[in-house]
Structure formats: structure tokens, C-alpha cells
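J.: Below are the chains, spelled out letter by letter.
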Amino acid sequence: MTTTALPAARAATRAAAPPWYVAAALVAATSAKVGVIWDISWHRSIGRDTFWTPAHLAIYLGGVLAGLACGWLVLRTTFAGDREDRAATVGFWGFRGPLGAWVCIWGALAMISSAPFDNWWHNAYGLDVKVLSPPHVVLALGIWAIQLGALFLVLSLQNRRSPDETSRVDSVLAAYTIAILLQNVSTIGIEQIGFANLAHNAIYYQVAAGGVPLLLVAAGRGIRLRWPATTAAVCYMAFSLVMIWVLQLAPATPKLAPVFNPVTHLIPPPFPLVLIVPALAIDLAMQRVGRKHDWLLSLLLGVAFLGSFAVVQWFFAEFLLGPHARNYFFGMDQWDYSSRLGPWRYSFWRAQSNPVTPSALAIAALIAVASARIGLWWGNWMARLRR
Amino acid sequence: MKVLGALIALVAFAHVGSPDTYFEGAAGPYPVRVIVRSPGVVPGLAQITVRLLSPQGARRVLVLPVYSDPRTAAPPPPDVAQRVPGDSTLYSAALWLMTRGSYGVQVTVEGAAGSGTALVPVMAVATSRLALDKPLGAVLLALGVFLFAGAVTLIGAAVRESGLEPGAAPDPRRTLRARVAMGVAAVVLALALLGGRAWWNRVDAAYRTGLYQPLHATTTVRTAGGARVLRLAIDDTSWADPKRQSTPLVPDHGHLMHLFLVGDSTLDPFAHLHPLPLDSITFETDLPPLRPGRYRVYADIVHENGFAQTLVSSVDVPSAGGAWRPSDPDDAWSEGFEGSGDVRRLADGSTMTWDRGHTPIVVDQEAPLRFTVTDPAGRPAALEPFMGMAGHLMLTRDDGAVFVHLHPAGTVSLAAAETFALRELGDTVRGRLSARMTAIEKGSGERGAVPAGAILMPASRSLSFPYAFPKPGHYRLWVQVKRAGRILTGTFDAQVREPTTGR
Numbered sequence: 300m301t302t303t304a305l306p307a308a309r310a311a312t313r314a315a316a317p318p319w320y321v322a323a324a325l326v327a328a329t330s331a332k333v334g335v336i337w338d339i340s341w342h343r344s345i346g347r348d349t350f351w352t353p354a355h356l357a358i359y360l361g362g363v364l365a366g367l368a369c370g371w372l373v374l375r376t377t378f379a380g381d382r383e384d385r386a387a388t389v390g391f392w393g394f395r396g397p398l399g400a401w402v403c404i405w406g407a408l409a410m411i412s413s414a415p416f417d418n419w420w421h422n423a424y425g426l427d428v429k430v431l432s433p434p435h436v437v438l439a440l441g442i443w444a445i446q447l448g449a450l451f452l453v454l455s456l457q458n459r460r461s462p463d464e465t466s467r468v469d470s471v472l473a474a475y476t477i478a479i480l481l482q483n484v485s486t487i488g489i490e491q492i493g494f495a496n497l498a499h500n501a502i503y504y505q506v507a508a509g510g511v512p513l514l515l516v517a518a519g520r521g522i523r524l525r526w527p528a529t530t531a532a533v534c535y536m537a538f539s540l541v542m543i544w545v546l547q548l549a550p551a552t553p554k555l556a557p558v559f560n561p562v563t564h565l566i567p568p569p570f571p572l573v574l575i576v577p578a579l580a581i582d583l584a585m586q587r588v589g590r591k592h593d594w595l596l597s598l599l600l601g602v603a604f605l606g607s608f609a610v611v612q613w614f615f616a617e618f619l620l621g622p623h624a625r626n627y628f629f630g631m632d633q634w635d636y637s638s639r640l641g642p643w644r645y646s647f648w649r650a651q652s653n654p655v656t657p658s659a660l661a662i663a664a665l666i667a668v669a670s671a672r673i674g675l676w677w678g679n680w681m682a683r684l685r686r
Numbered sequence: 036m037k038v039l040g041a042l043i044a045l046v047a048f049a050h051v052g053s054p055d056t057y058f059e060g061a062a063g064p065y066p067v068r069v070i071v072r073s074p075g076v077v078p079g080l081a082q083i084t085v086r087l088l089s090p091q092g093a094r095r096v097l098v099l100p101v102y103s104d105p106r107t108a109a110p111p112p113p114d115v116a117q118r119v120p121g122d123s124t125l126y127s128a129a130l131w132l133m134t135r136g137s138y139g140v141q142v143t144v145e146g147a148a149g150s151g152t153a154l155v156p157v158m159a160v161a162t163s164r165l166a167l168d169k170p171l172g173a174v175l176l177a178l179g180v181f182l183f184a185g186a187v188t189l190i191g192a193a194v195r196e197s198g199l200e201p202g203a204a205p206d207p208r209r210t211l212r213a214r215v216a217m218g219v220a221a222v223v224l225a226l227a228l229l230g231g232r233a234w235w236n237r238v239d240a241a242y243r244t245g246l247y248q249p250l251h252a253t254t255t256v257r258t259a260g261g262a263r264v265l266r267l268a269i270d271d272t273s274w275a276d277p278k279r280q281s282t283p284l285v286p287d288h289g290h291l292m293h294l295f296l297v298g299d300s301t302l303d304p305f306a307h308l309h310p311l312p313l314d315s316i317t318f319e320t321d322l323p324p325l326r327p328g329r330y331r332v333y334a335d336i337v338h339e340n341g342f343a344q345t346l347v348s349s350v351d352v353p354s355a356g357g358a359w360r361p362s363d364p365d366d367a368w369s370e371g372f373e374g375s376g377d378v379r380r381l382a383d384g385s386t387m388t389w390d391r392g393h394t395p396i397v398v399d400q401e402a403p404l405r406f407t408v409t410d411p412a413g414r415p416a417a418l419e420p421f422m423g424m425a426g427h428l429m430l431t432r433d434d435g436a437v438f439v440h441l442h443p444a445g446t447v448s449l450a451a452a453e454t455f456a457l458r459e460l461g462d463t464v465r466g467r468l469s470a471r472m473t474a475i476e477k478g479s480g481e482r483g484a485v486p487a488g489a490i491l492m493p494a495s496r497s498l499s500f501p502y503a504f505p506k507p508g509h510y511r512l513w514v515q516v517k518r519a520g521r522i523l524t525g526t527f528d529a530q531v532r533e534p535t536t537g538r
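If you read the protein sequences in the order shown, they are chains A and B.
Our numbering applies: residue 300 is where the first sequence begins, and numbers increase by one.
Our numbering applies: residue 36 is where the second sequence begins, and numbers increase by one.
It should be emphasised that the hints constitute simulated quantities derived from the structure, not laboratory data.
Check the hints yourself; a few may be wrong.
[Stated by the list, open to error] Calculated pairs, DSBU-like style, for lysine-lysine (alpha carbon to alpha carbon, straight line, at most 35 Å):
no.: 1; chain 1: A; residue 1: 554; chain 2: A; residue 2: 429
no.: 2; chain 1: B; residue 1: 477; chain 2: A; residue 2: 429
no.: 3; chain 1: A; residue 1: 429; chain 2: B; residue 2: 517
no.: 4; chain 1: B; residue 1: 506; chain 2: B; residue 2: 169
[Stated by the list, open to error] Cβ-Cβ distance ranges computed for the label pairs, FRET-style:
no.: 5; chain 1: B; residue 1: 119; chain 2: A; residue 2: 650; range: 30 to 40 Å
no.: 6; chain 1: A; residue 1: 466; chain 2: B; residue 2: 201; range: 46 to 56 Å
no.: 7; chain 1: A; residue 1: 648; chain 2: B; residue 2: 110; range: 50 to 60 Å
no.: 8; chain 1: A; residue 1: 683; chain 2: B; residue 2: 164; range: 29 to 39 Å
no.: 9; chain 1: B; residue 1: 147; chain 2: A; residue 2: 431; range: 43 to 53 Å
no.: 10; chain 1: A; residue 1: 648; chain 2: B; residue 2: 184; range: 56 to 66 Å
[Unchecked claim] Away from chain B, derived, C-beta distances all over 10 Å, residues of chain A:
no.: 11; residue: 576
no.: 12; residue: 613
no.: 13; residue: 627
no.: 14; residue: 653
In this text, a Cβ means the ideal position worked out from N, Cα and C, and glycines have one as well.
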């Protein structure tokens with residue numbers, strides 16, 4: 300029994316291993332995301348940087364790797380590919396390649412374009428007076444494109460898989476890529492949903508309702524796993540935790556005045572949103588309702604997401620602000636070098652000025668339903684993606 | 036565009052049209068010359084170079100910019116300046132100037148003779164807006180067009196082919212849908228680009244309104260009792276309104292204001308005056324017997340936070356009336372010059388010589404501003420401190436785009452350096468430091484006294500000013516010294532060249 304099962308398992312593993320260009324795109328997407336989180340930590344802990352910080356290199360490695368791998372794939376498929384190679388591709392100005400590869404190439408070019416633009420911007424208007432600037436938006440679009448490209452590549456593999464193939468590696472990788480996109484939501488929304496101190500104000504729930512259901516629901520519809528949204532949520536939380544645990548190990552000294560908080564190591568990102576619970580709710584709802592009633596399903600998904608998310612975050616945030624979370628595991632109570640430390644660290648911000656009222660929750664629920672509906676549309680498209 | 040060019044030319048701080056800082060002084064036992072090249076933007080990276088002027092070897096050179104706000108907590112550790120390859124006495128580093136205002140840059144030299152620190156005041160202001168040059172603009176435009184067309188093509192490909200089974204060809208319906216999607220995508224992306232452009236324009240407009248401009252001043256001359264009285268009013272809304280007034284003024288070499296008049300057409304008539312304050316806005320002084328005409332007015336002031344600036348104005352001076360009674364014993368004026376070449380005959384019969392050598396003066400390269408004064412008998416003249424300094428040098432380009440007031444210590448204001456040296460944690464209250472500085476000056480018994488060790492009578496009889504001209508063109512220089520109680524002015528002309536390209 301054992302002797303016959305082993306070669307079969309090996310064969311399945313071989314078949315499941317993603318092609319080299321998919322692996323490259325996934326490494327690129329990961330590298331860019333690690334770089335972004337590292338860079339934010341760098342700015343919160345050290346303050347000054349050059350182009351050559353490891354965080355920046357990780358970001359640009361993502362661009363270069365995805366661009367070169369997918370560029371080579373396109374050239375090879377166009378000029379040296381056989382009919383089978385070219386079958387699962389889309390045309391682009393006479394060249395052939397998978398849609399995901401084209402999106403990665405576009406992202407790499409956008410990232411490369413942002414570099415001279417950003418350099419000029421610094422020389423003209425000063426060093427990053429604001430994080431959100433036109434060249435940074437071009438860079439962010441490039442990074443997202445690489446991550447989306449990686450997602451499209453694994454989805455097309457998943458969707459071309461024959462029904463009798465048992466390996467689910469490509470689907471798990473798709474869930475992982477959705478987790479990277481969830482990380483993007485955390486990064487962009489760091490001022491609204493990043494810190495546990497924000498979890499008792501209305502904007503927190505409205506922003507989360509806008510960004511999160513779209514991705515979890517799209518995963519639920521487009522990824523062929525029994526628990527796709529939950530898998531994506533687990534990957535999202537694991538990604539955050541690894542970053543929290545690793546970054547804290549790196550020594551760092553603030554190098555920009557004024558230094559109000561003399562930190563000694565890199566400040567980790569905030570503890571992730573506990574998305575496992577709302578993701579479970581989404582998976583359960585999608586398993587029960589099926590594919591026939593998407594409008595009704597979005598209503599259910601939006602309400603299920605918001606209800607479970609709000610209950611979990613409301614109380615878990617109280618734990619995170621308490622003394623038991625101020626340790627290496629949770630990484631809480633670690634603040635920027637430029638912060639003047641005070642009792643605000645342990646209080647809920649804007650809880651009075653922007654309270655969580657029934658009407659605020661109703662708005663959040665509407666946003667969540669809309670987000671879920673878009674997620675279903677996108678998920679349906681993802682489920683059809685073959686090339 | 037022309038208007039903008041003029042705006043940029045006019046902006047100035049602590050001098051006009053000369054944004055870099057030059058300093059020569061002592062870091063403990065080590066004489067140093069420090070140059071800080073302004074980045075022109077804030078936040079920005081200023082380049083600092085430190086030249087050791089003595090043969091004593093240094094182990095290392097540290098630089099640390101400290102912001103003027105005393106509430107600022109502990110500064111970050113200083114940066115180690117790197118030795119410039121091929122030059123054993125030159126060190127260089129980048130200064131991170133993150134906030135607009137004044138910084139005291141601590142330059143510390145460590146070596147065999149111990150450790151010493153010099154304090155160099157540096158103003159961080161946005162003075163220029165970099166234009167997008169054509170090659171870079173063309174590259175960015177090309178990349179932008181490529182990304183735009185690429186994104187529209189991608190959307191078309193996604194709709195047309197990405198959902199098809201491998202090998203299948205798109206039917207006409209899919210192709211049509213792809214075309215519609217591309218059209219919609221093009222419109223949406225174009226709108227996004229327009230939004231981006233509006234955003235960029237907003238950032239640009241906000242940046243331009245934040246460009247530094249000196250406080251606005253208006254100068255008038257009236258005749259009173261036969262004398263001509265010049266009045267300068269700092270009538271800027273940010274100064275005249277006491278609630279918005281940033282920080283009070285502090286005396287520099289014993290005077291709250293150093294005012295310079297330069298004849299607008301010939302540059303010949305020149306005066307260095309010290310108007311007295313009637314209140315915090317209005318300053319007055321009696322005019323020396325300058326010929327009537329239009330004059331450029333430059334007024335140097337230093338704020339309590341160490342921010343030094345030059346106010347720029349102009350005034351029509353009517354014809355002379357009665358005799359001149361100087362409002363201040365340090366007031367001086369001159370008209371034209373006697374002498375030829377690099378030698379000038381001064382008012383008391385002594386001679387001032389500019390030891391400029393034969394090398395041309397080039398933009399951004401250290402200028403040979405060395406002068407010697409000899410008495411009528413041809414011996415080196417004994418000079419006295421003039422407002423705490425061995426000498427003062429004023430220079431201007433003929434069109435007024437540059438005006439600088441220099442000392443042997445460089446372009447820095449000593450009062451600004453004092454504000455950093457004397458600052459205490461309790462000086463968050465406005466006016467406290469300025470009151471203490473004024474008391475110290477009064478207590479010292481001598482007007483224009485500066486802290487011990489800060490001056491600057493040269494060991495040799497020659498005067499030297501560290502400086503590099505910022506722009507090419509024709510310049511007029513006035514060198515002022517004091518001998519036997521008399522203020523003497525030597526006037527010179529200089530032609531400054533563009534650097535030749537390439538090495």
C-alpha cells in the first residue's frame with residue numbers, strides 16, 4: 300500500500316508545483332509587500348532613508364523579478380512557443396502571454412516609471428512631505444498590478460486544472476495572493492483601521508466594510524477550496540504575524556529630529572484584523588446559499604461580515620490595548636520615534652467625536668453589502684479566468 | 036513663467052540670491068571652514084563640507100543639525116562626515132533639514148588635540164521650484180502614454196480572451212464587448228489622469244505659496260529740520276499683527292537692524308546705517324549726504340529663533356538738506372572710489388589692496404576675497420574691531436539679484452549663532468531669550484560685543500572672507516574696516532564667470 304502510494308503522491312506533487320514564472324510572480328508579489336511593510340516600519344523607527352534601504356530594495360526586487368520573468372515568458376511564448384504554449388494566452392500588440400503576465404509587466408513598468416518621477420518630485424517639492432503623492436500612487440499601482448498579475452496567473456492554473464486532479468496547491472496560492480491584497484487594505488487604511496485604538500469609532504467599521512468583504516467574497520467565489528475566504532484570512536493573519544515577529548528583532552536607532560521616543564528596534568506593524576471569524580461566516584453563507592441568488596447573497600454576506608467583524612474587533616481591541624498584549628507575541632504598545640508617549644496609547648481614539656451609532660453601523664452595513672456584491676462579480680470573473 | 040522666474044530671483048533669506056552658508060571659525064582647537072549648500076526645498080538634504088584649516092589631524096568629523104525650537108527633545112545621534120577622496124582635509128555629509136526655520140548645525144572635530152565644536156546657523160527655507168526639464172518630461176510622458184495604452188489594451192484582452200478555453204478564438208460578440216470595455220476604460224483612465232493633474236497642480240500651487248519671501252518692508256524719506264530722515268516700516272501682515280508676530284528681533288553686532296543703501300543706477304553711492312526702532316515695526320535713521328536718486332534698500336534682521344533675513348525695498352532720496360548728524364556712530368557711507376586696479380585709496384590716506392591674484396572668479400568656487408590695509412607710510416595698518424568684526428564686506432550684483440553681507444566668519448549671522456549658544460529649555464516663552472541677549476550686550480559695556488572667542492581679529496594684517504559667488508555677472512564690493520576710530524570703505528568691482536563645463 301505504502302510502496303504504491305508514494306510514487307503517486309510524488310507525481311501529484313510534481314504536477315502541483317507551479318511553473319517557474321508563476322513562482323517568480325508570487326515571490327515578486329511577496330517581496331513587494333514585505334518591502335512596503337518594512338519601509339513603513341523603517342520610517343516609524345529610523346525616519347530617514349535613501350533609495351538603497353533593504354525595504355526599498357525588496358519593493359523594487361518585486362518589480363524587477365516580475366517584469367523580467369513575465370517579459371521572458373512573453374518573448375519565449377511569442378517567438379519560440381508551440382501551439383500548446385500559445386493556446387492559454389491573450390494577445391497584446393502582436394505578442395502572446397497569459398493575462399497575469401501582462402498585468403505583471405505593466406506593474407513593473409509602472410514601478411520603474413515612478414522612480415525618476417519620485418526623484419524629481421523630492422527635488423522639486425521636498426522629501427515626502429506627504430506619503431500620498433502622485434509618484435507614490437504610480438508606484439502603488441505598479442505594486443498592486445504585480446500582485447494582481449500573480450493572482451491571475453495562479454487562478455488561470457486553477458481553472459485549467461482537470462476535475463480529477465487532487466492537488467489544491469494553486470488554489471491555496473490564490474488564497475495567499477488574496478491575503479497579500481488584504482494586506483494592501485491594511486496598509487492603505489492604516490490611519491482608519493490599522494490601530495486597535497481606532498476600533499471604537501464609526502469610520503473604522505465603514506472603511507473595513509468597504510475594503511475587506513470585496514476580497515474575501517471574491518476569494519469565496521473564485522477559489523476552488525472548501526474554505527477559501529477562511530484560508531485567505533489565515534494567510535493574511537500569518538503574514539502580519541511573521542512581519543511583527545521578525546521586524547521586532549532588528550535593532551534600529553532614530554536618525555531624524557525630533558526624537559521623542561528613543562526606540563531601539565524596528566516598530567512592528569499593528570496586530571492584524573482578526574479576519575478569520577468573518578471569513579468563516581462568509582464561507583458558511585456562500586456554502587449555504589449557492590450561486591443562484593447573488594443579490595440576496597450579497598445582502599447576507601454584507602450583514603454577516605459586519606456583524607461578526609464588529610463583535611470580534613470591538614472586544615479584541617480592548618484586549619490589545621490591555622497589559623497582556625504588550626509583549627513580543629502581540630507586538631502592541633510600540634510607537635513611532637516621533638511620538639510623545641502619553642495615556643492616549645491605551646485609549647480609544649475618536650470614540651467620542653465619531654461614535655459607533657446604529658446609523659453609522661447601518662451605513663457600514665450598506666457599504667459591506669455593496670462591497671460583497673462587487674466581490675461576487677469579480678469572483679465570478681475570476682472563476683472563468685482560463686488564460 | 037517669467038513672473039515665476041522673477042519671484043524665484045527675489046526670494047532670499049539672510050542674504051539676497053545667495054542661499055548657501057559659508058562659515059570660518061574654530062571648532063575648539065581646530066580652525067575649520069564650513070560650507071552648507073542649500074537644497075532649496077524643505078524637507079530636503081543640504082550638503083555640508085568641512086575643511087580642516089590646520090595641519091592637526093582629525094580622527095573624525097561629526098555634524099548635527101539642531102532645530103531652533105527648544106521644545107524639541109533629544110536630537111538624533113550626529114552623522115559622521117566622510118572624508119572626500121583625494122583630499123585629506125575635506126569632509127562631507129548630508130544634513131536632513133526637515134522643518135522650515137533656523138537650525139544650529141553643530142560641527143564637531145575629534146582628534147589628537149581633543150574635541151571641539153563650532154556652531155553654524157543655517158536657515159532652512161524653500162527658495163526654488165525645480166522645473167521639469169524637457170528630456171525627463173519627455174521620458175515621463177512616453178512612459179505615461181505607454182502605461183495608459185497598455186492598461187486599455189489589457190482590459191480589452193481580459194474581456195476578449197481571458198475567459199476562453201485555451202485555443203478557442205473569440206467570437207464577434209466578445210470582440211465587441213472588449214471594444215466597449217476598452218472605450219469605457221479609456222474614459223475612466225483619462226478622468227483619473229485629469230484628477231491626477233489637478234492634484235499635481237494643487238500641490239504645486241501650495242508649494243509656490245510656501246516659497247520663502249522676506250517680510251515686506253516699505254521705505255520712505257522725509258525732510259525734517261533740514262535733515263533727511265529715512266523710515267523703514269516692516270509692514271508685512273505677519274509682522275504688524277502682534278498675534279501673528281513670530282519671534283522678536285535680537286541685536287546683531289549691537290544693532291537690531293543693519294540697513295544698506297545702494298544707488299540703483301550707478302552703484303556708486305553706498306551707505307551702511309543702523310536705524311533705531313521707534314516701535315517693533317518702524318525704524319528710522321538720518322541719511323548721510325548721499326546724492327539724490329533712487330536707491331535699493333537691504334535691511335538685515337535676526338529673529339530670536341535664530342532666523343536671519345534680509346528685507347528688500349527701494350526708496351527715492353530727495354536732494355540733500357542740512358548737515359548730517361549720524362544717528363549711530365557705526366553709520367558710514369561712501370561715493371565712488373579713488374585708485375586703480377586692485378588698489379584703493381581710503382578716506383584717511385591709507386590704502387586697501389585686494390589680493391585677488393590672476394585667476395578668474397568663478398561661480399560656486401571659493402573666491403579670493405583677501406584684502407590688506409596699509410597706512411600712508413606703506414606699513415601694515417593696525418585695524419580696530421568694527422562692530423565686533425575685523426571687517427565687513429558687502430557685495431551686490433549690478434542688477435540687485437544678489438546682495439550679501441559678509442564677515443571673516445562668513446555669511447552667518449553671529450547673533451543667530453548666539454541664539455543657539457545661549458538657548459535654554461525655558462526659552463519657550465517668546466521674548467525671553469531676546470531680553471537675555473540684549474542684557475548680555477548691555478552688561479558687556481561695549482556695543483556690538485560678542486562672546487569671548489567669537490572674534491575675529493586676524494593674526495595677519497590681511498582680511499579674508501570665505502565665500503563663493505552664486506551667479507555670474509558684474510559685482511560691486513564694499514569692504515569696511517575701522518582704523519584710528521574712523522570707518523573706512525574700499526570699493527571694488529569684480530567680474531564673475533560661469534564655470535567651464537567638463538573637467
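J.: Taking the Cβ atom of residue 147(B) and the Cβ atom of residue 431(A), is their distance within the range 43 to 53 Å?
T.: Taking Cβ atoms as reference, residue 147(B) and residue 431(A) lie about 51 Å apart, which means the hint holds.
J.: Take the C-beta atom of residue 683(A) and the C-beta atom of residue 164(B), compute their distance, and say whether it sits inside 29 to 39 Å.
T.: violated (50 Å)
J.: Between residue 648(A) and residue 184(B), is the Cβ distance one that fits in 56 to 66 Å?
T.: violated (44 Å)
J.: Quick check for students: does the CB of residue 613(A) sit more than 10 Å from each CB in chain B?
T.: holds (35 Å)
J.: Would you check whether the claim that residue 576(A) is not at the interface survives, using Cβ distances to chain B and the 10 Å cut-off?
T.: Consistent with the label, residue 576(A) stays out of reach of chain B, its closest Cβ about 33 Å off (over 10 Å).
J.: Does residue 653(A) sit more than 10 Å from chain B, CB to CB?
T.: holds (26 Å)
J.: Take the C-alpha atoms of residue 429(A) and residue 517(B), compute the straight-line distance between them, and say whether it is at most 35 Å.
T.: With a Cα-Cα distance of about 52 Å, the restraint between residue 429(A) and residue 517(B) is violated, given a limit of 35 Å.
J.: Just to be sure I understand the hint, the distance between the Cβ atoms of residue 648(A) and residue 110(B) should be within 50 to 60 Å; is that true here?
T.: Between residue 648(A) and residue 110(B), where Cβ atoms are some 29 Å apart, the hint is violated.
J.: In this structure, is the beta-carbon distance linking residue 119(B) and residue 650(A) contained in 30 to 40 Å?
T.: Given about 55 Å between the Cβ atoms, the range is violated.
J.: Are residue 506(B) and residue 169(B) close enough, with their CA atoms no more than 35 Å apart?
T.: Roughly 23 Å separates the two Cα atoms, so the pair holds.
J.: Regarding residue 466(A) and residue 201(B), is the given constraint of 46 to 56 Å on their beta-carbon distance met?
T.: Given about 19 Å between the Cβ atoms, the range is violated.
J.: Tell me if the straight-line CA distance from residue 554(A) to residue 429(A) falls inside 35 Å.
T.: Since the Cα atoms of residue 554(A) and residue 429(A) sit roughly 19 Å apart, the hinted pair holds (cutoff 35 Å).
Hints 2, 3, 5, 6, 7, 8 and 10 from the list above are not met by this structure, while the remaining hints are.
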